[in-house]
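A.B. asks: Each chain, written out:
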Amino acid sequence: MKRTLLIARREFLAYVRTVGFWLSLLSLPLFGLLGGVMPLLARSSEPVREVVLIEDGPQAAGLAKSVQDVMAADAERRAQRAQEAAEKASASAGGAVDSKAARDAVASLTKDRVRIVPAPAELAAAAPGQPRDAVVRHLLGEETPKDQRLDAIVFLTRQDGKPGARVWTSRASDSTVEDFVRDSLRSANRRQVFQDAGIDPGIVVATDRFRADVKAFSPRSASGGEVSMRDRLPRWVGFGAAFLLWSLVITGASILLNSVMEEKANKILEVLLSSASATEILTGKVLGVAMLTLTVLIVWSGMGAFGLLTAKPELAAAVGEVLLHNGLIFYLLAYTVGGYLMFAVLFAAIGAFCETPRDAQTLMGPIMMVLVVPLLVLQMPDSPVARILSWVPFFTPFLMSARAPSDPPMIEIVGTLIGMAVTALLMVWLAGRAFRAGALSDVKLSWKAFAAAIRGGGN
Amino acid sequence: MTAALTLDGVGKRYGDFQAVRDLSFEVGKGQICGFLGPNGAGKTSTLRMILGLQPATTGRIQILGADNGRQVRDRIGFLPEERGLYKKMTPVDAIAFFGSLKGVPTAEGRRRAKELLDAQGLGASKAKKMKELSKGMAQKVQLIASIVHRPEFVILDEPFSGLDPVNQQGLEAMIRGLAADGATVLFSTHVMQHAERLCDKVVLLARGRKAFEGTVTEARATSRRFLELEGDIAADAVSKLPGVTGVEIASEGDGARVLRAALAAGAGGQEALKAAFLTGLDVRRFELREPTLHDAFIDLTGDHPDQDQSVSKAPEAAR
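Note that the protein sequences, when read in sequence, are chains U and C.
Residues in the first sequence are numbered consecutively from 1, following the numbering used here.
Residues in the second sequence are numbered consecutively from 1001, following the numbering used here.
Treat the hints as calculated values from the structure; they're not laboratory data.
Cβ coordinates follow ideal geometry from the N, Cα and C atoms, glycine included.
Among the hints, a few may not be true.
Okay, derived cross-link-like pairs now, DSSO-like style, lysine-lysine, Cα gap no bigger than 30 Å in a straight line [stated by the list, open to error]:
1. Lys-1128(C) with Lys-267(U)
2. Lys-1240(C) with Lys-1274(C)
3. Lys-267(U) with Lys-1210(C)
4. Lys-1088(C) with Lys-2(U)
5. Lys-1087(C) with Lys-2(U)
Okay, the calculated beta carbon distance ranges per label pair [what the hints assert, rightly or not]:
6. Leu-5(U) with Glu-1172(C): 31 to 39 Å
7. Ile-1298(C) with Leu-5(U): 50 to 58 Å
8. Arg-232(U) with Gly-1103(C): 51 to 59 Å
9. Met-380(U) with Glu-1132(C): 29 to 37 Å
10. Gly-240(U) with Gln-1071(C): 22 to 30 Å
11. Arg-1070(C) with Lys-267(U): 51 to 59 Å
12. Lys-312(U) with Gly-1103(C): 48 to 56 Å
13. Gln-1071(C) with Gly-35(U): 32 to 40 Å
14. Ser-1134(C) with Leu-5(U): 30 to 38 Å
Could you build all of it, start to finish, from the sequences and the hints given here?
C.D. replies: Laid out in structure tokens, this is it:
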């Protein structure tokens, strides 16, 4: 036992002392943060395009005003949303956040991307056709000083009563102004059509803003009636737990594979075998990497819990309730242990035959293909396919983690747990034999050699 | 002398391949025993069986009073043929780790590691990572890792391979030091000179079978002596000298050649020399050569110790 712990400790420290470990530990929260903040930062730092609107011909009269009206309505709507969001944030923070400051912060992230500016005199004076085109090119071109250069010039047109536009931009790759004009003209056209049909513009605006109040009810909801977020939470928690487990199992098993491969390639395994039994080495390594993945899990969960408690304490409480409901967290723990054990020992045994990742590909390819199956089925945890595949021990940890929060029949929970436990123990035994044989052999890895090693146990 | 190791009729079979056959020998406590044979003779398989890494197919092994090497692994030190340590560890950490697996507390292991590294002239490399050390230095570190727990029995598999002559000398000194401290040393090699210089006892192995067990002197005594003659001499004339059983040309130059004449068992060489001078042979230099262990090996097994005896179809484990 002491040797097992010594090997586990070395395995754990060998990875914890690497820069790569800390990078991967921080990568998920960092990418999560960047994923959430970066679009907002990018949007807030995006330059405002200065655009000139020109009504091209008498038929287009009034279109520029319509576009500006749509812009104004849009800005008003955004300001209102910012106010609502700020008040909500202020309320959930118990008044600790100043609602005006919050509103300004939100508004700054959702500012206008386009500003309408008056047409320069030379453009307004230019005659339509080639002379005006030349002025347009000049005003958008590189040769014009930056402070005088325009981002876009839009010629609004109306043909057969339908509004249209020709958009000149300084950057061919930027479609911001084009999209803005298209949306504005569509809104302007709709209002015009309704107005022409004698419908009050106020009614049009109110209709646009309408959102149907749809509520879901189910006799299986917590209240016995209306379905709440709390009723749907188990499914999300299950999906999250299953996906997390899948990631951890793959990560942990891959670390083990590489670690054993490195020891095999560097001829360390034989030295280890003269100091400890194959079982002690295998168990120590599996335990060491388990500690490693557990560390990652605890740090990620801690960060997630802290973030959730800070941002959405009521959601955090609900997630906690789901995890504690009917001892779900213990089922998840059992599935994690079983899943990790099955794949970790298998990968370690394969690693004992390999010196390079290329050597391992022979066996890893089919195993990885099998591992993708539960990922596909995870998205339909209540489907008959998921229920049937849950009984396949190699899929049990992932599929049952996804299904367990939704209270599947007890027979399925107990049955699949037993199947998984028996398979995990069998895998540990078989992998131990293969590990010992592989560690002392230079035989080229194949399914045949692997099976022979399991049969012979290296003797 | 009490036996530290006894092999009795040991055999090892891998599928259809018989790697070791009916092998029996003993190593007394405190002895340095050379386990000699060409590559593929079954040395590594035997050492692995002694260590308990692989079970014997037949026969019985007793080491330090135990029937299985695994029961006394903390009292055994082992240096495998193919060597390696964790590349990112420092020598001190690596030695302390392997020592801890053998029951040496980590702090004590680190202390001993520093002491042994200093003694081997590796004091300046204590804090370097293993990957930064030269091959010779890394091998020394590995040897230290295998003896840091002060084992009673040390098994070294081809310890001299890959070392330059200076490091080979250093290693020989280390082995002598281990024996002087009371440890029993069993080392395998296919280079006979090391065994000649170091061993109290040798066991010769060829094609999985024991060819000889005894002291180096006893081994040499099984072989013929040679008379080396240099001059403008015909091989035919030398073959007719008394006591000469065979002649071969060792080298040939301008008007002179070196002839190597094998002497019959018990023949002293003086008669042959006397006859050579009496018959007027142009002998410019002569030398009576005692047989080496290398010669003894060839005579005893009919094989050359440097030839590879591994069979292509045999499993690699049967090296």
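A.B. asks: Compare the structure with each hint and give your call.
C.D. replies: Okay, the hints, checked on the actual structure:
1. Lys-1128(C) with Lys-267(U): Cα-Cα ~20 Å, so holds.
2. Lys-1240(C) with Lys-1274(C): Satisfied, since the Cα-Cα distance of roughly 13 Å is no more than 30 Å.
3. Lys-267(U) with Lys-1210(C): Judged against 30 Å, a Cα distance of about 28 Å means the pair holds.
4. Lys-1088(C) with Lys-2(U): Holds, at roughly 23 Å.
5. Lys-1087(C) with Lys-2(U): 24 Å, holds
6. Leu-5(U) with Glu-1172(C): 31 to 39 Å: For Leu-5(U) and Glu-1172(C) the Cβ distance comes to about 38 Å; the hint holds.
7. Ile-1298(C) with Leu-5(U): 50 to 58 Å: For Leu-5(U) against Ile-1298(C), whose Cβ atoms are near 51 Å apart, the range 50 to 58 Å holds.
8. Arg-232(U) with Gly-1103(C): 51 to 59 Å: Hint holds: Cβ distance 57 Å, inside 51 to 59 Å.
9. Met-380(U) with Glu-1132(C): 29 to 37 Å: Violated - the Cβ-Cβ distance for Met-380(U) and Glu-1132(C), about 54 Å, lies outside 29 to 37 Å.
10. Gly-240(U) with Gln-1071(C): 22 to 30 Å: At roughly 49 Å between Cβ atoms, Gln-1071(C) and Gly-240(U) fall outside 22 to 30 Å, so the hint is violated.
11. Arg-1070(C) with Lys-267(U): 51 to 59 Å: For Arg-1070(C) and Lys-267(U) the Cβ distance comes to about 20 Å; the hint is violated.
12. Lys-312(U) with Gly-1103(C): 48 to 56 Å: For Gly-1103(C) against Lys-312(U), whose Cβ atoms are near 53 Å apart, the range 48 to 56 Å holds.
13. Gln-1071(C) with Gly-35(U): 32 to 40 Å: 57 Å, violated
14. Ser-1134(C) with Leu-5(U): 30 to 38 Å: Once the Cβ atoms are compared, 33 Å apart, the range 30 to 38 Å for Leu-5(U) and Ser-1134(C) holds.
When the structure is compared with the earlier hints, violations turn up for hints 9, 10, 11, 13 and for no others.
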